[in-house]
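Engineer: Sequence:
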Amino acid sequence: MKTQPARENARILFGTLIFFAIWEFLGATTSWGIAMVPAPSRILMQAFADRELYWLHGTATIQTSAIGFAIGVTVAVVAALLFCLSPRLELAFRGINIALFATPAIVIGPLLVLFLKGDWPQTVLAALMVYFPAMSATLLGLRTVDPRIADLVAAYGGGEGKLMRYVRLRGALPDLFAGFRVAAPLAVLGAVLGEFGSGTRWGFGAFLLSALPQGNPARLWGIGLASSAIALAGYALFLLPARRLSASSTAVTLAAVQKAARPSGGWAWQRIALAGIAVALPFVIWWLAVTLTHVSPIIAPGPGRTVMFLIEGRQAAGARAALLTALGQTLPVALLGLLAGLAFAFALAALSLLAPAVARALLPIALVAQNMPLVAVVPFVVLIFGRDVTASVFMAMLVVFFPAYVLLHQGFTTVPRAASDLVSAYGGGRWKQLVHIAVPYSVGHLFAAAKLVAPQALLGVMVAEWLLSGVGLGNLLNVSRGGLDYDMIWAGALISILISVAAYEAVGFIERKVGR
Numbered sequence: 001m002k003t004q005p006a007r008e009n010a011r012i013l014f015g016t017l018i019f020f021a022i023w024e025f026l027g028a029t030t031s032w033g034i035a036m037v038p039a040p041s042r043i044l045m046q047a048f049a050d051r052e053l054y055w056l057h058g059t060a061t062i063q064t065s066a067i068g069f070a071i072g073v074t075v076a077v078v079a080a081l082l083f084c085l086s087p088r089l090e091l092a093f094r095g096i097n098i099a100l101f102a103t104p105a106i107v108i109g110p111l112l113v114l115f116l117k118g119d120w121p122q123t124v125l126a127a128l129m130v131y132f133p134a135m136s137a138t139l140l141g142l143r144t145v146d147p148r149i150a151d152l153v154a155a156y157g158g159g160e161g162k163l164m165r166y167v168r169l170r171g172a173l174p175d176l177f178a179g180f181r182v183a184a185p186l187a188v189l190g191a192v193l194g195e196f197g198s199g200t201r202w203g204f205g206a207f208l209l210s211a212l213p214q215g216n217p218a219r220l221w222g223i224g225l226a227s228s229a230i231a232l233a234g235y236a237l238f239l240l241p242a243r244r245l246s247a248s249s250t251a252v253t254l255a256a257v258q259k260a261a262r263p264s265g266g267w268a269w270q271r272i273a274l275a276g277i278a279v280a281l282p283f284v285i286w287w288l289a290v291t292l293t294h295v296s297p298i299i300a301p302g303p304g305r306t307v308m309f310l311i312e313g314r315q316a317a318g319a320r321a322a323l324l325t326a327l328g329q330t331l332p333v334a335l336l337g338l339l340a341g342l343a344f345a346f347a348l349a350a351l352s353l354l355a356p357a358v359a360r361a362l363l364p365i366a367l368v369a370q371n372m373p374l375v376a377v378v379p380f381v382v383l384i385f386g387r388d389v390t391a392s393v394f395m396a397m398l399v400v401f402f403p404a405y406v407l408l409h410q411g412f413t414t415v416p417r418a419a420s421d422l423v424s425a426y427g428g429g430r431w432k433q434l435v436h437i438a439v440p441y442s443v444g445h446l447f448a449a450a451k452l453v454a455p456q457a458l459l460g461v462m463v464a465e466w467l468l469s470g471v472g473l474g475n476l477l478n479v480s481r482g483g484l485d486y487d488m489i490w491a492g493a494l495i496s497i498l499i500s501v502a503a504y505e506a507v508g509f510i511e512r513k514v515g516r
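With this note's numbering, letter number 261 in the sequence shown gets 261, and the count goes up by one each step, no holes.
Everything labelled a hint here was simulated from the structure, so no lab data went into it. Heads up, the beta-carbon is just placed ideally off N, CA and C, and yes, glycines get one too. Hints should not be assumed to be uniformly reliable.
[Said to hold, decoys possible] With beta-carbon atoms standing in for the labels, derived distance ranges: (1) 316 with 386: 32 to 38 Å; (2) 40 with 312: 55 to 61 Å; (3) 52 with 295: 37 to 43 Å; (4) 44 with 479: 36 to 42 Å; (5) 314 with 22: 57 to 63 Å; (6) 275 with 388: 37 to 43 Å; (7) 117 with 316: 33 to 39 Å; (8) 284 with 425: 56 to 62 Å; (9) 297 with 482: 19 to 25 Å.
Start from the sequences, fold in the hints, and give me the full structure.
Structural biologist: Here it is as structure tokens:
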């Protein structure tokens, strides 16, 4: 007699086979399937014919993404430790952290090619995409401590060092691995984007770039699915240890709620001063990088020249008008994409409690959708949604939902067993556990997810505008790059970073209000 997990796995396998059978039929018999969404058998035959190219390009992408991942997570963990020990340091570096994460690849990619040689441009881009998610998740875990354990350490004379060594580091491991699960696919995405624009010979980004003019959808989908498979392998690598750590680290009983202490007046003034430093520090580093590297100011203007480009001069009025028009087209779509992505992430995380079998069946599809290179997804998106606002919202949702899902799911898995048992004892089912226990207990993870993906929503819309709609800030940057208008490129990048920082701080403000 089959057990419940065996029956669930059988249903998942059956549903997967049905999905591929439908895909095979539509891809082989419909005109749009043959032209844009080829059948899996056709993709596999093309991949077999290109097997030597897959090996050469795949090994290059794996090597680049692995090195970038290692560099990014190492810096992220060290930074999270420092920020946990010194909240003031975290506040001072907040501008740099968000700027590194929010800078459009269309700007930073060509600059890395100017500064670095060999495979380092795509490696550094992968590391930059990894750093902020891994740091945010690790910092969340380090700061989430059961107050009873903290009181116990203090009662035995232990200070912050002992608390960090014996409590914080051990308790942060589940969130650390959740951050790694977010970061591993992003490392692959960063490597592919870097290869796409660095001019390197090997890598799936270079392979995709060379395949685009050939009009072979089977090859394009094969490259995209191969990139997704590498990202899925990176995700799965950290999934099993994360499950074991979550099972051994979840609290059994609920801790007493502690009322948040109100900051003193002196700390309020310090926050204002540190916020000023956080705003100024990225501009200082920007100026130092341009000055010390002696890059031509035509290609990499300093912050002063970029700001003055928007304030004075013959082109200032036209530049401001172009940026305002583009922002009016981009920001509403980015907000819709952010809300849609968070809603879908919440729904998928909720399914892990309400219908675990369905959630496990949908997760591989979600991973493929998240990690498929956006260039390869464009024909499919155009086929379903056209080139209007709906397509841009969908593209933004693709970028947003998966990192948010991982953090939300991690929050749901940390609910103390006593809380779930209490609901069950009073006759409540899974829905009651979700509404009354899991969601309130995971508010911190919910806001961490929102802060993480808020900058990504803008970037997702900009990519959609570049590839699909031909309007908005993404299209403005692309047109400016084609016209070698570097002043406009840097001005647009500066505006996008400032908006991302504002979105991050807005979520943080709401989080503080809810926490109080």
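Engineer: Decide, hint by hint, whether the structure agrees.
Structural biologist: Here is what the structure says about each hint:
1. 316 with 386: 32 to 38 Å: 36 Å, holds
2. 40 with 312: 55 to 61 Å: For residue 40 and residue 312 the Cβ distance comes to about 58 Å; the hint holds.
3. 52 with 295: 37 to 43 Å: The hint (37 to 43 Å, Cβ to Cβ) holds, given that residue 52 and residue 295 are roughly 39 Å apart.
4. 44 with 479: 36 to 42 Å: At roughly 39 Å between Cβ atoms, residue 479 and residue 44 fall inside 36 to 42 Å, so the hint holds.
5. 314 with 22: 57 to 63 Å: 59 Å, holds
6. 275 with 388: 37 to 43 Å: Taking Cβ atoms as reference, residue 275 and residue 388 lie about 39 Å apart, which means the hint holds.
7. 117 with 316: 33 to 39 Å: 37 Å, holds
8. 284 with 425: 56 to 62 Å: At 58 Å between Cβs, range holds.
9. 297 with 482: 19 to 25 Å: 20 Å, holds
Comparing the model with each earlier hint shows no violations; every hint is respected.
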